[in-house]
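Engineer: Take these sequences, add in the hints, and give me the full structure.
There are 2 protein chains.
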Amino acid sequence: MTAALVLFSAGQDSATCLAWALDRYDRVETIGFFYGQRHAVELGQRAIVREAMAALKPAWAARLGEDILVDISGYGALAESALTADRAIEMAESGLPTTFVPGRNLVFLTVAAAQGYRRGVDTLVAGMCETDFSGYPDCRRDTIDAQERALALGLERPIKVETPLMHLTKGATWGLAHDLGGDALVDLIVEHSHTCYEGDRTHRHVWGYGCATCPACDLRAKGWEAWVASP
Amino acid sequence: MTAALVLFSAGQDSATCLAWALDRYDRVETIGFFYGQRHAVELGQRAIVREAMAALKPAWAARLGEDILVDISGYGALAESALTADRAIEMAESGLPTTFVPGRNLVFLTVAAAQGYRRGVDTLVAGMCETDFSGYPDCRRDTIDAQERALALGLERPIKVETPLMHLTKGATWGLAHDLGGDALVDLIVEHSHTCYEGDRTHRHVWGYGCATCPACDLRAKGWEAWVASP
Chain C
1 MTAALVLFSA GQDSATCLAW ALDRYDRVET IGFFYGQRHA VELGQRAIVR EAMAALKPAW
61 AARLGEDILV DISGYGALAE SALTADRAIE MAESGLPTTF VPGRNLVFLT VAAAQGYRRG
121 VDTLVAGMCE TDFSGYPDCR RDTIDAQERA LALGLERPIK VETPLMHLTK GATWGLAHDL
181 GGDALVDLIV EHSHTCYEGD RTHRHVWGYG CATCPACDLR AKGWEAWVAS P
Chain W
1 MTAALVLFSA GQDSATCLAW ALDRYDRVET IGFFYGQRHA VELGQRAIVR EAMAALKPAW
61 AARLGEDILV DISGYGALAE SALTADRAIE MAESGLPTTF VPGRNLVFLT VAAAQGYRRG
121 VDTLVAGMCE TDFSGYPDCR RDTIDAQERA LALGLERPIK VETPLMHLTK GATWGLAHDL
181 GGDALVDLIV EHSHTCYEGD RTHRHVWGYG CATCPACDLR AKGWEAWVAS P
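Top line first, the protein sequences correspond to chains C and W.
Numbering-wise, our numbering puts 75 at position 75 of the first sequence, and it's gapless, one number per residue.
Numbering-wise, our numbering puts 198 at position 198 of the second sequence, and it's gapless, one number per residue.
Heads up, some of the hints might be wrong.
Each pair may be met inside one copy or between any two copies, as identical chains are not told apart.
20 Å max Cα-Cα, derived EDC-like pairs, lysine to aspartate or glutamate [stated by the list, open to error]:
id	residue 1	residue 2
1	K160	D218
2	K160	E93
3	K160	D145
4	K160	E130
5	K222	E130
Derived from the structure by calculation, the hints contain no laboratory data.
Structural biologist: Pasting the structure below:
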């Protein structure tokens, strides 16, 4: 009996990871994080995507287990702590917003591993990707490897962090969804997953809902175009 | 200009770490965590210990900087999530309470590193100790080394985690306080630091306040006795 805990925000990437996990583990649970997101829309889509995936294939319905949403907004609140003058200059020079709090993925993985410990699940599945590099060093596989080792030592369990999207382009991520569940899964992800930073779910495009101008929409739209154009 | 961020709960260990840091860095900031502790008394002692240390030596007053308290009670709330039946049996067999959530020190270090990033501080000081082994694998230096590496990669900064108490007995920790600030610092730690799990600050002993029966009081009292008996 294999089991996995998916870090699941209901974005395109983590929705694809959820399908990937449902395709290969006997039991699949999900965990999400509230860290002071400006828009609750993304959190609301979590239950919708889960239900739609369970409706897609009976085997997936049988495998889909518990969900938990963990409030780590105190971590997000660090964004309000003062920057030192030197650090403010360094961050401005590297193009980072003054609200930037680093290491988010490390916090997510550590809290997920703690939950996995309680649930008897030693495999975490997460959507980090270093291909369309976001500029955040905690998305890279060498960082994930190091955190995996720290978790295995700190929890005394053989923790494994699977990152199925790590080396995929955004176009290839659409292709992976198609491989896993055909047009029906692609349609589900287009319709129900949410990526837009602005929380826009009124404007519908071929690749889903969103403002179409924020960096997240831009990446999603370009990935879609690349996939559609691929042979 | 050297700087350190001390993980500071106002317990005996972290109070000793704060003095250790004040003795050797030009600027010393502190960070504490609210994770759903049953008693707020420990949090209340934080400001008292900080003020008393600043009053002890003018150099320390000049070095002591910002404090921040971070609410990570969502992490503590995982204790309410269901245990699987197998896991409940495993935990019972290893003597762990059903509310146990592992990896606390990894969460503390990661959030502290994020705060350090904003404050331009790449050295964290933490009171983990593997000598009086608590049974928690996230206190061990090999775990801390692995987390240090994950943080350095994930934040792209040369993060250093100093653990001055790692190889000291609880008796030697009192000795370290004496080396750093003589009888005055030992008296300060006895009077103002708080360790007792029961939040007892009404019963005064030679080693400080506490119920004298919980495991934390027991460890503190035995360490005191060992130090007093040492040549």
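Engineer: Work down the list of hints and note, for each, if the structure agrees.
Structural biologist: Hint by hint, here is what the structure shows:
With identical chains, the CA atoms of K160 and D218 are never at most 20 Å apart, being 32 Å at best within one copy and 37 Å at best between copies. Taking CA atoms no more than 20 Å apart as the test, K160 paired with E93 passes in neither setting, with 36 Å inside one copy and 24 Å between copies. Proximity of K160 to D145 under the C-alpha cut-off of 20 Å is found in both arrangements, the shortest distances being 9 Å within a copy and 19 Å between copies. In the homo-oligomer, the alpha carbons of K160 and E130 lie at most 20 Å apart inside one protomer (18 Å), although the nearest pairing across protomers, at 25 Å, exceeds that limit.
Taking CA atoms no more than 20 Å apart as the test, K222 paired with E130 passes inside one copy only; the shortest distance there is 16 Å, against 51 Å between copies.
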